[in-house]
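**Student:** Residues per chain are reported as follows:
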Amino acid sequence: MPTPPDGPSALGSPARRSEGHAKVTGAARYAAEHTPPDCAYAWPVPATIVRGRVTSVDIAAATAAPGVIGVLTPYDAPRLGTADDPTLHLLQDLSVPHRGWYVALAVADTPEGARAAAARVRVTYETDPHDVTLSADHPGVYTPAEANGGHPAHRRQGDPDAAFAAAPVRIDRAYAVPPLHNHPMEPHSATAAWDAERHHLTVHDSSQGAGAVRAALAALLNLAEEDITVVSEHVGGGFGSKGTPRPHVVLAAMASRHYGRPVKLALPRAHLPATVGHRAPTLHRIRLGARTDGTLTSLTHEVTTHTSRVREFVEQAAVPARIMYAVPDMRTTHRVVALDVPTPSWMRAPGEAPGMYALESAMDELADALGVDPIELRIRNEPRTEPDSGHPFSSRHLVECLREGAERFGWARCREPRRDGPYLIGSGVAAATYPVLVMPSTARAHARSDGRYLVEVNATDIGTGARTVLAQVAADALRVPLDRVTVAIGHTGLPAAPLAGGSSGTASWGWAVHDACTALTARLERHHGALPPGGLTASADTTQSAKQKSPYSRHAFGAHFAEVRVDTITGEVRVRRMLGVFAAGRILNPLTARSQFTGGMVMGIGMALTEHSTMDPQFGDFTESDLAAYHVPAHADVPAIEAHWIDEHDKHLNPMGSKGIGEIGIVGTAAAVANAFHHATGCRLRELPLTPDRVLAALGSAGP
Amino acid sequence: MEPFAYVRATSIQEATEAYASHPGARYIGGGTNLVDLMKHGVETPATLIDLTRLPLHDFQELPTGGLRVGACVSNTDLAVHPLVRTRYPVLSQALLAGASGQLRNVATVGGNLLQRTRCPYFQDVSKPCNKRQPGAGCAARDGLHRDHAVLGHSAHCIATHPSDMAVALAALDAEIELHDGEHGTRRVAAADFHRLPGDHPDQDTVIRPGEIVTAVLLPPLAPGAVSLYRKARDRASYAFALASVAAVLRLDDRRVRHVALAFGGLAHRPWRAATAEEHLTGAVPTDDAVGEAVDAELAAARPLRDNAFKVDLARNLARDVLATLARSAPGGAAPTGRRP
Amino acid sequence: MVARARAPQHPQQAGPRAGEGPVRSRVALRVNGRTYALDLDNRVTLLDALRELLDLTGSKKGCDHGQCGACTVLVDGRRANSCLLLAVTLDASEITTVEGLAASDGALSPLQEAFLEYDAFQCGYCTPGQLCSAVGMLREAAAGHPSCVTDAATAADTAHPAALTPEEIAERLSGNLCRCGAYNAITRAVAACAATEAPDQAPRRPRT
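So the protein sequences, as listed, match chains A, B and C.
My numbering applies: residue 703 is where the first sequence begins, and numbers increase by one.
My numbering applies: residue 188 is where the second sequence begins, and numbers increase by one.
My numbering applies: residue 88 is where the third sequence begins, and numbers increase by one.
Hints were generated in silico from the structure; no laboratory data involved.
Since this is a predicted model, take the numbers as computed values, not measurements.
Glycine included, C-beta positions come from ideal geometry on N, C-alpha and C.
Treat the hints with care, as some may be off.
Far from chain B by the CB rule (all over 12 angstroms, computed), these chain A residues [stated by the list, open to error]: (1) ARG755; (2) HIS902; (3) ALA926; (4) GLU927; (5) THR1239; (6) PRO1357.
Per the computed footprint, the stretches of chain C lying under chain A, defined by three or more beta-carbons under 8 angstroms from a beta-carbon of chain A, are [unchecked claim]: (7) 119-126; (8) 192-205; (9) 213-220.
So that you can see chain A by itself, here it is in the shape it has in the complex (with noise of 0.2 angstroms):
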């Protein structure tokens, strides 16, 4: 029975996961990693031509190796539904509209054969003239009726033109990110199999949403949702190119359905960059404007990016400035040009980590340039209400995020950049900026006659820690201990909820876990005697209260610190520390929150450093396709990583009070390490990463 309302609080504990064990033994079972009897194995054929159609496909070599069940090709492949997300609508035409769109699919008894198979299908194509480069003059640039997120792509207020030529401090730059690839560990994978007799679709799936991928392949396979299950219990890491459905699950269960024999599909790590989603190439232009005391009197944001010529998806990467800085003549703008691409998609803090890395380094240009301190520039334009929208702020601590940053780094003792031996070291700080999103969700929590609940949300856990976390509120929230409390999570037969993205699943799913608890303790307070056999049931639906529009501008901050070591002799960059101290409203786990920012702190790091790719314009694809040549940060690379977060009370959020902390980690970290860099050396590099050819061309070739 549920303990007195003073019992120890669940959340703002740090609960270990609670699939912990199962993963660290190997019992943790991801969408691969389910066989059923009679498995086969798809392994799809990549187009080898930038643009153009494919004029025929040759399967014989394929279908003769013993093993082979079929090949799927543009010709014969089951139509499809109308598809949403067109990058969904495979083999359905001939055209091929970038390298590496999906032309067949082999089917084989073994996943050797299936590979083989794959690479004995002939395709031949008609070819046309490609375009694949990305430039600010690009003639097709054009500004796109919203960006991604529904943002409007294009903000003005003021004239901010006429306040950059009165401004006696200008700064006017331009900055440059390349495409990122998300690679989550686990491969994009799904394993389909259609039961005919039960005209049932069951599918296990490497996905950020099982709901989502359920409602895309019922559209597409032209079945109702009640006949498709899709499970996304154990989720190698998204980053979200898992957010949406992708490629492979669709093929999966294109294949189970047409061979009527369960299918497994897991992408070979190279097929990602082409097919799962990048994060678009940014190039920005800043222009600031500021007054001899560090005051900012205009501020211009535009980026350029490019998308595909399959679906139009424009990184918004502008928006982060609509909310930073008090400035009363803005503009941000997107424009984007469709090329013969990849088509680019969500990945971790779209829109604010190559925003903010632009922005938070003209800030750092304009501190330089009044010769002020760059915390001290951000506190002196801190602004009172939102400059975009007017609306006041629900909470905004980055000023106290900066100051309490630069007090545990040590801002102060490392003002002077120092020189040891060969090395240059530097430091460096940026703000950083997430918004706080929150989508509809349901959930059922069950007491059961034991004493035990066990609480339902198709929720799902990419690693955020959610199934540990929805415990903790449903702990909280019925007023017993957390080790009484199950959370399953995962599955389409689990009350419906959003996906994991855009750092909402926490307040999505826990608000409604929250309410149906809540909903379930008042039931039980209400019930005398035993529990009857069954136990006791409650629903929520959070539809009403997540979709109110708030009066409030709610956005999670950051500040983060970097001290990097720049090596003459090498060009080489390294961080040798890194701080950042967040205002997230309540942080739910400290351990598995501490994990998330200091995750997304790595991956700024290999934003900064390491993560390189480019488009080959010959050939249409990403040169650096795979972990070899794709420099996601090792080991050796992350140094010490401090993560705090300061006590943030806002009670215009959710019943947690909490905000969304998967993104915010990365958000600010590489502008911290380029003005650190900055710092270190003198030199300004305006492109990531910060690579030994870059560096070694910045310091000039005389070396140490």
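We have chain A; now place chains B and C onto it with these hints.
**Tutor:** Using the frame of chain A, we list chains B and C on its own:
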């Protein structure tokens, strides 16, 4: 990957005979590169002949004071062998700077020498590559080639050899022992084992069809010789070299009695810097003298559109390594104690 | 533990080319103390044998090319990328996977416990590889192996192993990528066990 037959050889003779009787056969050691390339479809052996059970796992101290290393010794075992750590630190350092602990445990000495380039166009069978398919053309020359060669490349190929170990072996004047069924063994200087691409970029080395690398022979280093390896890369670990330097130096009365300098990451083979060595031999290795010698060597560099930085990087690395060795070598200036 | 060795549904010879030997082999795989008699396509990697044939799915496929370390297992006590090992070559080898790290009574090893305590993972997909790699790495360190970041004097001193500083641990585990960025916590978890792990429990592969 197409099906293949598998033969496990237990003697060199058995291996070479199997090779002769199985058309399209390939030898496999640790397989860390070969299996990788088979998955890419770059290598398509009809038969794999497994050499890991051959009696080539031994270290043998030679009467000359040198060391004979069996070709099946793992990269780890070579790197951590006490004699290697004490006598040939450049070799231990080069090995430990390469790949990862897991890969070093499996990769063999012979396999390390025979690994193929990591040129992305070579690894992608949908793109032209003269190394993979002579006459197909080189996609890298006009493509993305930041990581490619600046020395000794040809119109047909600009690939680099990826090994760290081979760079150290070149500087150590090691020899590669080869064995074929018919003629017995022969030895090739490590510095000559890998080829420049010229008109035949498909041939990485001078090994003949059917030959097996059986050993690496490390000659004794004269007393007082010091050695060092240094590598620059895009990430702090687990990445191929953008450029690397292996050097051996011996001073006598402050003058260079012996110097061996080899570059990695710059060419189709470890680049033994004969010109620089010639400049330095007999000279006092001042910063200026070292700089001039290295510049003389790198004057031969022909960087491509995107990789001119490699020349600067190689120059910086070589100057730093030689200066560090000059400070630590007996018979030189007072040691400063600064660690590389 | 009952091992579910899945018989291939359609066992057939996968197209041998003329004049060559069979493309399948009989292999006795020793995994976690148990012997599995398998009739294998020579192309099957150890990783695919574990995951698809033996239903030991703890070892993960992250890249299938030795570029991420998620597939790391112990082969004769030494860590190795199972994605690059052909199962047919491993007859007579002793293989330990993440499923074999806990005691037979299910008690977690100190490293597994430490990973839980320090929250040394998020999505968990690299975790089995990190654990197996750490076990192998600690054995290497105890055996005195230097690393790329060991200073020259210590590396040359074959009598005294390098101390496992955070920098040493990070370098030695760099063959295991973690995209969630749990590196700090992994280093702390491994450091906590560095002093207590038994140095060498598994036999090394005999050298002939």
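**Student:** Are there three or more residues in the region 192-205 of chain C whose C-beta lies closer than 8 angstroms to some C-beta of chain A?
**Tutor:** Per the Cβ count (5), the hint holds.
**Student:** Beyond 12 angstroms from chain B, beta-carbon-wise, is HIS902 (chain A)?
**Tutor:** holds, 35 angstroms
**Student:** Taking the minimum C-beta separation from ARG755 (chain A) to chain B, is that value above 12 angstroms?
**Tutor:** holds, 17 angstroms
**Student:** Taking the minimum C-beta separation from ALA926 (chain A) to chain B, is that value above 12 angstroms?
**Tutor:** Non-interface label stands for ALA926 (chain A): nearest chain B Cβ at 40 angstroms, farther than 12 angstroms.
**Student:** PRO1357 (chain A) clear of chain B by more than 12 angstroms, beta carbon to beta carbon?
**Tutor:** holds, 43 angstroms
**Student:** If you count the residues of the region 213-220 of chain C with a beta-carbon closer than 8 angstroms to a beta-carbon of chain A, do you get 3 or more?
**Tutor:** holds (count 4)
**Student:** Within the assertion that chain A covers the region 119-126 of chain C, do at least three residues meet a Cβ-to-Cβ distance smaller than 8 angstroms?
**Tutor:** It is violated: at least three residues are needed, and the region 119-126 of chain C offers just 0 whose Cβ sits closer than 8 angstroms to chain A.
**Student:** Does GLU927 (chain A) really sit off the interface, with its C-beta more than 12 angstroms from all C-beta atoms of chain B?
**Tutor:** Per Cβ check, GLU927 (chain A) is outside 12 angstroms of chain B; nearest 38 angstroms; holds.
**Student:** Is it the case that THR1239 (chain A) keeps its Cβ farther than 12 angstroms from each residue Cβ in chain B?
**Tutor:** holds, 50 angstroms
In terms of the numbered hints stated before, the structure departs from hint 7 and from no other.
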